[in-house]
Amino acid sequence: MSVKVQFESFDLNYILFEMKKVNTAVGAAVSFVGFVRELSRINQSEQLTSLYLEHYPGMTEKSLLEIESKAREKWDLEDVFIVHRVGELKLHDPIVGVIVLSAHRKNAFEACAFIMDYLKTEAPFWKKETTTKSSTWVEAKESDDHMRLHWNN
Amino acid sequence: MKVKLLYFAKIKELVGLDNETIDLPSNIITFNELKNYFILRGAPWSEIFLPQNATRCALNQKLMDSNFTIEAGSEIAFFPPITGG
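If you read the protein sequences in the order shown, they are chains A and B.
The working numbering applies: residue 1 is where the first sequence begins, and numbers increase by one.
The working numbering applies: residue 1001 is where the second sequence begins, and numbers increase by one.
So that you can see chain A by itself, here it is in the shape it has in the complex:
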């Protein structure tokens, strides 16, 4: 179990197999990677050149651990790993990675989606897009709130 906030990139597959090596109860692993996309979220016609990620040191790590705890209360999980990058990111760079290990696939699939839906709305990160024309803070999407709220039903 660990959460990481870092400037550097990451190799989620390598981490996944290292986590798996030390846990023989694991029968399923689900991982998610979010990448920097080419098109601006704010102005779809503009080409993105870089993405800046700001966070709230201290609160970020706390909230990621809290999200992991919530997932472990809901599902029987063997291990969880969450990594989120901050600072200046380039096109195609990985931004966020989640690994969930469990005995069976259903728990791992559901918990991984749950962690991402909560991370998107509760972990204090902010994106600023730079395109060929301008730099703008990304606005929050209402659909992200709905994705998180559907877990309460």
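Simulated from the structure, these hints should not be mistaken for lab results.
Any given hint could be a false lead.
As the list claims (entries may be wrong) - Okay, derived cross-link-like pairs now, DSSO-like style, lysine-lysine, Cα gap no bigger than 27 angstroms in a straight line:
| hint | chain 1 | residue 1 | chain 2 | residue 2 |
| --- | --- | --- | --- | --- |
| 1 | A | LYS62 | B | LYS1010 |
| 2 | B | LYS1004 | A | LYS62 |
| 3 | A | LYS20 | A | LYS62 |
| 4 | A | LYS62 | B | LYS1002 |
Unchecked claim - Short derived list, chain A residues pointing at chain B, Cβ under 10 angstroms:
| hint | residue |
| --- | --- |
| 5 | HIS55 |
| 6 | TYR56 |
| 7 | GLY58 |
| 8 | VAL96 |
| 9 | LYS120 |
| 10 | THR121 |
| 11 | LYS128 |
| 12 | VAL138 |
| 13 | GLU139 |
Even for Gly, the Cβ is constructed at its ideal location relative to N, Cα and C.
Starting from the known structure of chain A, fit chain B onto it as the hints suggest.
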């Protein structure tokens, strides 16, 4: 009492500071009172609470959804809705 204020992302750019420690008048002990104090303090602080900014607040690194009591040494953060992931 003294409190530490933190500003992030768009709110940081709006205020022009990433943090400040202020000595609050003794009659300010709740978040709602702090909000009014900020509005009276004028721009840029009053602009934190413009509806279009949809500013969120955290007390001692915990997201707050309703009014709360402020204690000496509290860390109060203001930031826009979260957009990570």
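For a C-alpha distance cap of 27 angstroms, please report whether LYS62(A) and LYS1002(B) respect it.
Cα-Cα ~24 angstroms, so holds.
Supplied contact hint for THR121(A), tested at 10 angstroms Cβ to chain B
Since the shortest Cβ distance to chain B is 6 angstroms, the answer is holds.
27 angstroms limit on alpha-carbon distance, applied to hinted pair LYS62(A) and LYS1010(B)
Holds, because 22 angstroms separates the two Cα atoms, which is no more than 27 angstroms.
Hold the hint about TYR56(A) up to the distance rule: shortest CB distance to chain B must be less than 10 angstroms.
Holds. Min distance 6 angstroms.
Given a cut of 10 angstroms on the nearest C-beta pair, is the interface hint for GLY58(A) held or broken against chain B?
Check passed: Cβ of GLY58(A) comes within 6 angstroms of chain B, closer than 10 angstroms.
Status of the VAL96(A) interface restraint (C-beta, 10 angstroms, chain B)
holds, 5 angstroms
Going by Cβ atoms only, is HIS55(A) closer than 10 angstroms to chain B?
holds, 7 angstroms
LYS1004(B) and LYS62(A): Cα distance at most 27 angstroms?
The given pair, whose Cα atoms are some 19 angstroms apart, holds under the 27 angstroms limit.
Restraint outcome when LYS128(A) is required to lie within 10 angstroms of chain B by C-beta distance:
holds, 7 angstroms
If you draw a straight line from the CA of LYS20(A) to the CA of LYS62(A), is it 27 angstroms or shorter?
holds, 25 angstroms
So, LYS120(A) near chain B? Judge it on the closest CB pair being under 10 angstroms.
For LYS120(A), the interface hint holds, since the closest Cβ of chain B sits about 4 angstroms away, which is under 10 angstroms.
Satisfaction of the VAL138(A) interface hint, Cβ to chain B closer than 10 angstroms:
holds, 5 angstroms
When the structure is compared with the earlier hints, no violation turns up for any of them.
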